[in-house]
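Protein chains in written order, with our numbering: chain C, 105 to 721; chain V, 10 to 59.
Calculated from the structure, these hints are not laboratory results.
Remember, predicted model here, so these are calculated numbers, not experimental data.
Check before you lean on any hint, since a few could be wrong.
[Unchecked claim] With beta-carbon atoms standing in for the labels, derived distance ranges: (1) V/C43 with C/G582: 18 to 26 Å; (2) V/D27 with C/K648: 21 to 29 Å; (3) C/G582 with V/Q14: 40 to 48 Å; (4) V/Q14 with C/I470: 45 to 53 Å; (5) C/M106 with V/P12: 41 to 49 Å.
[To be verified] Calculated pairs, EDC-like style, for lysine to aspartate or glutamate (alpha carbon to alpha carbon, straight line, at most 20 Å): (6) C/K139 with C/D208; (7) C/K648 with V/D53; (8) V/K13 with C/E692; (9) C/K651 with C/E680; (10) C/K640 with V/D31; (11) V/K42 with C/E678; (12) C/K317 with C/D453; (13) C/K640 with V/E37; (14) C/K499 with C/E392; (15) C/K674 with V/D53; (16) C/K413 with V/E25; (17) C/K413 with V/E33; (18) C/K640 with V/D53; (19) C/K138 with C/E222; (20) C/K606 with C/E700; (21) C/K317 with C/E346; (22) C/K499 with C/D657; (23) C/K212 with C/E147; (24) V/K42 with C/D657; (25) C/K287 with C/E392; (26) C/K433 with V/E37; (27) C/K671 with V/E37.
[Stated by the list, open to error] If we take Cβ atoms under 10 Å as the criterion, some of the chain C residues that face chain V in the derived model are: (28) D246; (29) N633; (30) K640.
Virtual Cβ for every residue (Gly too), placed ideally from N, Cα, C.
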Amino acid sequence: MMDVGRHPKVELFTNSEVENVTGFVGNFNVTIRKKARYVDANECTACAECAKVCPVAVPDEYQQGFSSRKAIYMPFPQAVPSAYILNMDNCLGNNPIACGKCADVCEKHCINYDDQDELVNIEVGVVITATGMDVYDPTEYDEYGYTRFDNVITSMEFERLICAGGPTEGHFIRPSDRKIPQKIGFIQCVGSRSQDGRGNPYCSNICCMNTVKDTLLLCDHYPGVEAKVFYMDMRAFGKGFEDLYMRSKEEGVKYVRGIPGDVVEDPETRNLLLTVENTTTGKLEKHELEMLVLSQGVIPRQDGDSIRKLLTLSQTSDGFIMESHPKLKPVDAPTKGIFIAGCVESPKDVKDSVTQASAAAARASILLNAGKTKIEAITSQVDTELCNFCGICAKVCPYNAISASDRKAEKPPTIIAAACAGCGACAAECPQDAILMRHFRDEQIMAQVEALVKDDPEKHLLTFACNWCSYAGGDNAGTARLQYPTSSRLIRTMCSGRVDEKFVMHAFKMGAPMVLVSGCHFADCHYINAVHWTQKRMDRLWNKLDKLGIRVDRLQLEWISAAEGQKFAKVMRELEERVQTVTDEEIEHTKKVLAEEEAKAEAKKKKKAKAGAEVSA
Amino acid sequence: MAPKQVRFKCLMCGHEYDGMYDHENVTERSCPKCRSNSIRRLPDAKVAKS
Ligand code: SF4
Ligand code: SF4
Ligand SMILES: [Zn+2]
Numbered sequence: 105m106m107d108v109g110r111h112p113k114v115e116l117f118t119n120s121e122v123e124n125v126t127g128f129v130g131n132f133n134v135t136i137r138k139k140a141r142y143v144d145a146n147e148c149t150a151c152a153e154c155a156k157v158c159p160v161a162v163p164d165e166y167q168q169g170f171s172s173r174k175a176i177y178m179p180f181p182q183a184v185p186s187a188y189i190l191n192m193d194n195c196l197g198n199n200p201i202a203c204g205k206c207a208d209v210c211e212k213h214c215i216n217y218d219d220q221d222e223l224v225n226i227e228v229g230v231v232i233t234a235t236g237m238d239v240y241d242p243t244e245y246d247e248y249g250y251t252r253f254d255n256v257i258t259s260m261e262f263e264r265l266i267c268a269g270g271p272t273e274g275h276f277i278r279p280s281d282r283k284i285p286q287k288i289g290f291i292q293c294v295g296s297r298s299q300d301g302r303g304n305p306y307c308s309n310i311c312c313m314n315t316v317k318d319t320l321l322l323c324d325h326y327p328g329v330e331a332k333v334f335y336m337d338m339r340a341f342g343k344g345f346e347d348l349y350m351r352s353k354e355e356g357v358k359y360v361r362g363i364p365g366d367v368v369e370d371p372e373t374r375n376l377l378l379t380v381e382n383t384t385t386g387k388l389e390k391h392e393l394e395m396l397v398l399s400q401g402v403i404p405r406q407d408g409d410s411i412r413k414l415l416t417l418s419q420t421s422d423g424f425i426m427e428s429h430p431k432l433k434p435v436d437a438p439t440k441g442i443f444i445a446g447c448v449e450s451p452k453d454v455k456d457s458v459t460q461a462s463a464a465a466a467r468a469s470i471l472l473n474a475g476k477t478k479i480e481a482i483t484s485q486v487d488t489e490l491c492n493f494c495g496i497c498a499k500v501c502p503y504n505a506i507s508a509s510d511r512k513a514e515k516p517p518t519i520i521a522a523a524c525a526g527c528g529a530c531a532a533e534c535p536q537d538a539i540l541m542r543h544f545r546d547e548q549i550m551a552q553v554e555a556l557v558k559d560d561p562e563k564h565l566l567t568f569a570c571n572w573c574s575y576a577g578g579d580n581a582g583t584a585r586l587q588y589p590t591s592s593r594l595i596r597t598m599c600s601g602r603v604d605e606k607f608v609m610h611a612f613k614m615g616a617p618m619v620l621v622s623g624c625h626f627a628d629c630h631y632i633n634a635v636h637w638t639q640k641r642m643d644r645l646w647n648k649l650d651k652l653g654i655r656v657d658r659l660q661l662e663w664i665s666a667a668e669g670q671k672f673a674k675v676m677r678e679l680e681e682r683v684q685t686v687t688d689e690e691i692e693h694t695k696k697v698l699a700e701e702e703a704k705a706e707a708k709k710k711k712k713a714k715a716g717a718e719v720s721a
Numbered sequence: 010m011a012p013k014q015v016r017f018k019c020l021m022c023g024h025e026y027d028g029m030y031d032h033e034n035v036t037e038r039s040c041p042k043c044r045s046n047s048i049r050r051l052p053d054a055k056v057a058k059s
């Protein structure tokens with residue numbers, strides 16, 4: 105942190121928040137709110153005179169509430185800049201000044217009660233998001249008594265108690281009587297790998313090794329201490345981790361395979377009594393401990409929503425930020441020029457965070473050094489003649505690549521090619537068909553529909569499959585040699601969001617008995633959230649079919665990931681059976697109804713064009 | 010538009026069920042009975058009629 109603060113090429117904004125991000129790769133404009141700190145950080149020498157006279161005492165967040173701090177304080181000993189900060193919520197008041205003691209004693213006159221937030225605009229070429237994580241609050245697991253028993257603490261609290269710079273100067277004492285405990289227990293996976301609706305279903309990755317480290321610290325500081333770890337599985341998979349785990353066992357730490365169901369406190373001794381089924385022996389055991397540490401899991405940052413929206417980042421189902429590709433682009437966000445590092449992406453330890461941060465920095469510098477970037481071949485383009493300035497496309501684009509149109513000024517939208525990822529959602533949603541998708545133009549896809557249903561259309565299921573997931577799912581089914589009917593005809597689009605209503609209607613008009621639209625699961629969408637538009641469009645299409653008296657189940661929707669070859673084959677088999685239920689009469693009726701609809705729409709269009717021509721004449 | 014309770018129908022197995030729908034934040038749908046994703050949000054008028 106110190107090095108970062110001192111680096112001539114790094115400008116560090118502390119106590120600041122990103123308020124807005126606009127632009128695109130190479131040309132981001134970031135608005136930062138530098139919050140008022142009420143202390144001139146350049147002048148402050150961190151002499152601490154101000155804190156000595158401040159009459160306010162509040163729990164110190166950094167010390168997990170084990171000690172107190174003043175309203176004017178140093179956030180933590182290694183804070184950068186090494187200067188005090190005044191928390192106005194804690195201060196007795198500056199308007200009018202109710203106290204003013206700190207300003208009186210500050211010889212350097214650093215304190216300014218009228219300090220204001222400042223908005224700063226900076227231009228940057230790339231953005232690396234490393235906003236970190238939060239820790240799980242174990243109060244939900246009431247059976248462990250975290251809120252009821254003083255001697256039940258969390259692993260974060262343990263960290264402060266054992267730290268030389270902590271509230272007890274590294275003396276590990278129990279809160280109830282300030283004595284050094286001799287029997288300490290650790291419960292693993294608190295809030296992680298949970299299937300009962302509490303906590304999270306994923307593994308928090310770091311807690312096993314954190315506990316192993318904690319037990320070694322205890323054994324080192326207090327030889328003879330009795331430590332027990334209650335666990336489901338010990339996951340020691342990193343370099344040197346197994347050795348540490350073995351060392352901990354050699355030091356005498358007992359590892360009990362089983363998670364306690366209940367913790368009670370002996371009111372006299374304030375000791376904790378645990379009941380646990382040891383799944384190795386199959387026996388029910390009772391353990392008496394003087395202190396209990398809950399190994400709390402890692403959760404996504406709870407205040408990360410705004411930054412996620414500003415940077416058009418997408419989330420996986422667990423709430424962490426999704427990478428562009430889990431294997432090939434693990435530090436790239438889906439939006440070009442934005443990278444991710446550390447626990448914002450998933451729970452990870454320091455080494456992995458540093459590795460990822462280095463990778464993100466390297467990826468970012470490739471772009472910065474090149475000074476230019478290749479744009480996607482598949483991007484969209486507005487036909488300004490056709491556009492009626494409705495503004496829908498700008499709302500649809502997951503990448504904010506389209507600047508808003510202006511109906512009054514008759515100004516069509518502009519598409520920033522460097523920001524467009526080519527999902528095609530805008531082209532599918534544009535009511536005027538005014539957006540052209542390079543390489544996936546309407547005419548090209550319509551021609552494919554026609555070609556595929558030309559011969560024996562009544563026998564074929566027409567499937568639209570997205571490039572990244574469903575089409576790859578089909579490949580997966582093929583390479584796994586899974587059996588499925590060969591009657592399906594596939595059209596590949598980059599995203600299911602590209603599947604225009606008119607492609608589906610055209611297939612039915614050409615005599616297709618059934619149409620399947622398939623795409624990525626929401627959490628896997630390669631275009632942030634373009635699949636949302638697929639879902640909305642499908643609702644509209646089903647309603648339309650219903651109104652026209654066409655069986656709605658002839659249009660199906662499935663989310664199939666690249667790994668779901670089994671699902672792909674199953675869906676194909678099921679839909680093949682359903683194709684058989686569509687009668688020739690139904691197909692003829694559909695063709696007739698849709699031809700009539702098309703004729704009506706055409707007549708309406710002509711009438712409108714004629715009226716327009718008369719007005720201008 | 011605030012999230013609201015709507016009726017969904019699975020177009021694979023016909024199962025109908027109630028669920029929340031948020032126009033601003035559409036979520037992935039899957040039939041609780043057959044796991045199909047062909048879940049139609051029935052229009053309000055249709056639900057009222059039935
Ligand atoms: S959606 Fe189509 S018509 Fe509307 S502003 Fe965009 S390009 Fe123009
Ligand atoms: S194709 Fe997709 S990414 Fe490109 S402008 Fe249209 S909606 Fe945005
Ligand atoms: Zn179903």
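Is C/K413 close enough to V/E33, meaning Cα to Cα at most 20 Å?
13 Å, holds
Between the alpha carbons of C/K648 and V/D53, is the straight-line distance 20 Å or under?
15 Å, holds
Starting from C/K640, check that the Cα of V/D31 is at most 20 Å away, please.
Holds. C/K640 to V/D31 sits at ~11 Å (cutoff 20 Å).
Could you grab the alpha-carbon distance between C/K413 and V/E25 and see if it respects the 20 Å cut-off?
34 Å, violated
Kindly confirm whether 40 to 48 Å is satisfied by the beta carbon distance between C/G582 and V/Q14.
For V/Q14 against C/G582, whose Cβ atoms are near 42 Å apart, the range 40 to 48 Å holds.
Would the hint linking C/K139 and C/D208 be met if the CA-CA limit is 20 Å?
23 Å, violated
Pairwise hint evaluation, C/D453 against C/K317, where the allowed Cα distance is 20 Å at most
13 Å, holds
Is the straight-line distance between the alpha-carbon of C/K433 and that of V/E37 20 Å or less?
Distance ~25 Å between C/K433 and V/E37 Cα, so the pair is violated.
Taking the Cβ atom of V/Q14 and the Cβ atom of C/I470, is their distance within the range 45 to 53 Å?
49 Å, holds
Can you tell me whether the CB distance of C/M106 to V/P12 sits inside 41 to 49 Å?
With Cβ atoms ~47 Å apart, the hint holds.
Do the alpha carbons of V/K42 and C/D657 lie within 20 Å of each other, as the hint requires?
Holds, at about 16 Å.
Compare the distance between the alpha carbons of C/K674 and V/D53 with 20 Å, and conclude whether the hinted pair is satisfied.
Given pair C/K674, V/D53 is violated - Cα atoms ~32 Å apart, limit 20 Å.
Hint violations for this structure: numbers 6, 8, 9, 14, 15, 16, 22, 26, 28, all remaining hints satisfied.
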